[in-house]
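There are 2 protein chains.
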Amino acid sequence: MRKLINDPDNFVDEVLDGILLAHPDELVTAPGEPRAIVRAGSPAGRVGIVTGGGSGHLPVFLGYVGIGLCSGVAVGNVFSSPSAEQILAATKASDGGKGVLYLFGNYGGDVMNFGLAADLAEFEGISTQTVLVHDDVLSAPAEKADTRRGVAGMVLAYKCAGAAAERGDSLPEVARIAVKAIASMRTAGVGLSPAILPAAGKPTFELPDGDMEIGIGIHGEPGSHRGPLESADEVADRMVNAIMDDLAPAEGSEVMVLVNGLGATPLEELYLLYRRAHQLLAERGSRIVRKYIGEYATSLEMAGASITVLVLDRELTELIDAPASSPFFRQ
Amino acid sequence: MRKLINDPDNFVDEVLDGILLAHPDELVTAPGEPRAIVRAGSPAGRVGIVTGGGSGHLPVFLGYVGIGLCSGVAVGNVFSSPSAEQILAATKASDGGKGVLYLFGNYGGDVMNFGLAADLAEFEGISTQTVLVHDDVLSAPAEKADTRRGVAGMVLAYKCAGAAAERGDSLPEVARIAVKAIASMRTAGVGLSPAILPAAGKPTFELPDGDMEIGIGIHGEPGSHRGPLESADEVADRMVNAIMDDLAPAEGSEVMVLVNGLGATPLEELYLLYRRAHQLLAERGSRIVRKYIGEYATSLEMAGASITVLVLDRELTELIDAPASSPFFRQ
Chain A
1 MRKLINDPDN
11 FVDEVLDGIL
21 LAHPDELVTA
31 PGEPRAIVRA
41 GSPAGRVGIV
51 TGGGSGHLPV
61 FLGYVGIGLC
71 SGVAVGNVFS
81 SPSAEQILAA
91 TKASDGGKGV
101 LYLFGNYGGD
111 VMNFGLAADL
121 AEFEGISTQT
131 VLVHDDVLSA
141 PAEKADTRRG
151 VAGMVLAYKC
161 AGAAAERGDS
171 LPEVARIAVK
181 AIASMRTAGV
191 GLSPAILPAA
201 GKPTFELPDG
211 DMEIGIGIHG
221 EPGSHRGPLE
231 SADEVADRMV
241 NAIMDDLAPA
251 EGSEVMVLVN
261 GLGATPLEEL
271 YLLYRRAHQL
281 LAERGSRIVR
291 KYIGEYATSL
301 EMAGASITVL
311 VLDRELTELI
321 DAPASSPFFR
331 Q
Chain B
1 MRKLINDPDN
11 FVDEVLDGIL
21 LAHPDELVTA
31 PGEPRAIVRA
41 GSPAGRVGIV
51 TGGGSGHLPV
61 FLGYVGIGLC
71 SGVAVGNVFS
81 SPSAEQILAA
91 TKASDGGKGV
101 LYLFGNYGGD
111 VMNFGLAADL
121 AEFEGISTQT
131 VLVHDDVLSA
141 PAEKADTRRG
151 VAGMVLAYKC
161 AGAAAERGDS
171 LPEVARIAVK
181 AIASMRTAGV
191 GLSPAILPAA
201 GKPTFELPDG
211 DMEIGIGIHG
221 EPGSHRGPLE
231 SADEVADRMV
241 NAIMDDLAPA
251 EGSEVMVLVN
261 GLGATPLEEL
271 YLLYRRAHQL
281 LAERGSRIVR
291 KYIGEYATSL
301 EMAGASITVL
311 VLDRELTELI
321 DAPASSPFFR
331 Q
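Residue numbers (UniProt numbering), protein chains in the order written: chain A, 1 to 331; chain B, 1 to 331.
Hints in this document: simulated from the structure, not taken from any laboratory. Be aware that a few hints might be false.
Because identical chains share one entry, a pair is satisfied inside a single copy or across any pair of copies.
Unchecked claim - Each computed EDC-like pair below joins lysine to aspartate or glutamate, with the alpha-carbon atoms no more than 20 Å apart:
(1) K180 to E221
(2) K291 to E14
(3) K98 to E230
(4) K144 to E254
(5) K144 to E122
(6) K291 to E26
(7) K202 to E143
(8) K98 to D245
Computed from a predicted structure; not experimentally measured.
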């Protein structure tokens, strides 16, 4: 165990305490619910966007609460869904009278609890719409694309939907943008080591040193291929090919690429993956016009990375380029 | 080995290739020297700031070449100094007629090669001044403070000196600012696992799982204490106390805190350290008015973190708040 933690039972609450001490001008807790964090200031006049899920993925989810991004988040325990009550508290504090979009990854617990929260919100007179992020191309075949898991691509969905909400779009319009962004993206990942849960002190799964698992989920869900670790170029080939075969953008497409580190993988290695992705996408007739490279969605100290490709058009490019600001993300 | 790399002998050059492919509008190579990278655009009218050192620390060093930051960098092999020729190339491409500040960490190889480069630059008619970053409080006692190593605090030195250069300050003035910032800061770190060199495939030092080393250097240099891993609060206490006992700011001081991850430590854990630092500094009568929390200076996949405290006055606060922009750092 190589963790700088205190009592594991207090891990999430202490992390939140640290975040709120550090960023009191930007983030506040929702009334009466310490596990619901919302953007500082009034939500009036904007569609709210509430996200959430288990802890352990910073900057996801809390890191994307801010200007031009999400308006609130419900914070679960490590790798565990937040409760419907926590989601409801984030919803009420995010509602500015124009309704609230629920935008989160396609995981069973989250789907159930956001569903319950939507019912509770309706009792409170708050309209919600739900859009699931399901960008992990290797988690299910194309004919079951709507069962795929949500991974790092959710950051690009937040960016697009958040920019739409910020400029004053209506709830159906913000939801349409989120759906469009998600339909235009695919992600593929690779894991080289497991994450270790603070409370358990043990790996979430076994992956021998020197092996890799392509398509592994951010909680250690099974991938599509396990075998000896290959070179950065070979791994990038596997990921980019899986993405592009499924996404099949038109020749000459402009795309955005997100190369995301899962936690322990150095930034240097992410640039090796970017380098190969750049070459491969050019060979396939796509042009990278926007990119994020760094740790955007992690899995505690898991070694590994993911690549996301988002096909851009004028509308999505404008939303990606819009200003955004949170303690964890600025552009 | 859990590295996404190709041929280890090409590691640094391929990383640079990826960075230049990703950010061609912001970074370019100096004429004839692929290991010297400078900010895009003309250096005319500004004091240049050239830094450099071994690779494996991204965003340090290359990540701080940009607007309001450094103007050029010489890129060594992993954990190895760049050559005087590489430094000279960065110097020539960074010289806008007002001279060049050499601002880098206090390591033997770097001191030697930047010294040689300064002589070569003089032959070329370029004036240079050198300021060494030596913020690692645990690397030598107070009476030998100028022999201390340079670690994450160099990022704050870049920020202050870079802002001074950007607004048009003279070389002696930019050097004065750098010296002042460095004199006003201390850093203390902890390592929980070693980094692994790509070429060797082996740890740079042994640190048994479950042990920690307080004061460890970013290349694995010996620290001040090795023992069983303690809680996040206990570790933060050790680091903050070492910093504050040495720095001894006036009661009521306003300070900036940088909580830096060394590579594999999750952002969640950095916020636990921030939380405790916030409590301790308040107890000691200092007020945190600025903060950076994240991975600013790493050591490949080393698990661990450092804390830096910088005492602010009006001049340094203004320089910290000035706009800055590189592919790796924006504010």
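Comparing the hints with the structure gives:
1. K180 to E221: Result: close neither inside a copy nor across copies, 26 Å intra and 51 Å inter.
2. K291 to E14: between (33 Å within a copy, 18 Å between copies)
3. K98 to E230: neither (50 Å within a copy, 49 Å between copies)
4. K144 to E254: neither (26 Å within a copy, 56 Å between copies)
5. K144 to E122: neither (30 Å within a copy, 67 Å between copies)
6. K291 to E26: between (26 Å within a copy, 14 Å between copies)
7. K202 to E143: Answer is neither; intra-copy 35 Å and inter-copy 44 Å both fail.
8. K98 to D245: For K98 and D245, neither the intra-copy (39 Å) nor the inter-copy (53 Å) Cα distance is at most 20 Å.
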